[in-house]
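Q: Taking the hints into account, I'd like the entire structure generated from these sequences.
First residue of the sequence shown? That's 1 in the working numbering, and the numbers climb one at a time after it.
I should point out that these hints are in silico values taken from the structure, not numbers from a laboratory. Mixed in with the good hints there might be a few duds.
[As the list claims (entries may be wrong)] Below, computed lysine to any residue pairings styled on SDA-like, alpha-carbon distance capped at 20 Å:
hint, residue 1, residue 2
1, LYS26, ASP6
2, LYS63, TYR107
3, LYS42, GLU30
4, LYS114, ARG57
5, LYS26, ASN39
6, LYS35, GLY19
7, LYS114, LEU64
8, LYS114, LYS127
9, LYS114, GLY97
10, LYS63, GLY101
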Amino acid sequence: MISASDRRQAVELISEAVGSGAALYKACNELGISKRTYNRWKNTDNDYIDKRTTCERPEPVNKLSQEERQEILDIMNSEEFASMAPCEVVPILADRGIYLGSECTFYNELRDAKQLVHRGRDQAPQK
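A: Written as structure tokens, this is what we have:
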């Protein structure tokens with residue numbers, strides 16, 4: 001991110017170079033900015049303040065806790081469900097009255113734990 005003082009200095013340098021006969025696009029290229037960026041900075045009426053938001057976003061209230069995430073992984077790695085995909089596990093848990101998250105949540109947790117691989121009944125190849 002370029003500071004306000006650096007923007008002001010860049011506009012002044014480019015204006016000076018163009019006033020001395022340099023082409024605008026060449027002066028902009030020397031500073032590593034586009035002509036469009038220069039024009040935007042020049043037309044801000046000396047308001048070089050960066051207006052992008054810098055506030056910190058609060059965590060969602062419905063974000064899973066570490067215990068809930070671990071519970072999903074424990075269930076998916078249990079002997080009963082180890083060879084099943086989340087699209088099979090979630091309905092079985094729902095039939096039992098257990099809701100830990102959506103099918104998408106299960107996939108996301110497996111992906112985050114780097115366990116999102118083929119979960120069929122395949123066995124290791126035998127010689």
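Q: Next step is simple, just say for each hint if it's right about the structure.
A: Evaluated hints:
1. LYS26 - ASP6: Holds: LYS26 and ASP6 sit about 19 Å apart, inside 20 Å.
2. LYS63 - TYR107: Roughly 15 Å between the alpha carbons, so the hint for LYS63 and TYR107 holds.
3. LYS42 - GLU30: Answer holds: LYS42 to GLU30 is near 17 Å, not above 20 Å.
4. LYS114 - ARG57: violated (27 Å)
5. LYS26 - ASN39: holds (14 Å)
6. LYS35 - GLY19: holds (16 Å)
7. LYS114 - LEU64: holds (18 Å)
8. LYS114 - LYS127: violated (28 Å)
9. LYS114 - GLY97: violated (28 Å)
10. LYS63 - GLY101: With a Cα-Cα distance of about 11 Å, the restraint between LYS63 and GLY101 holds, given a limit of 20 Å.
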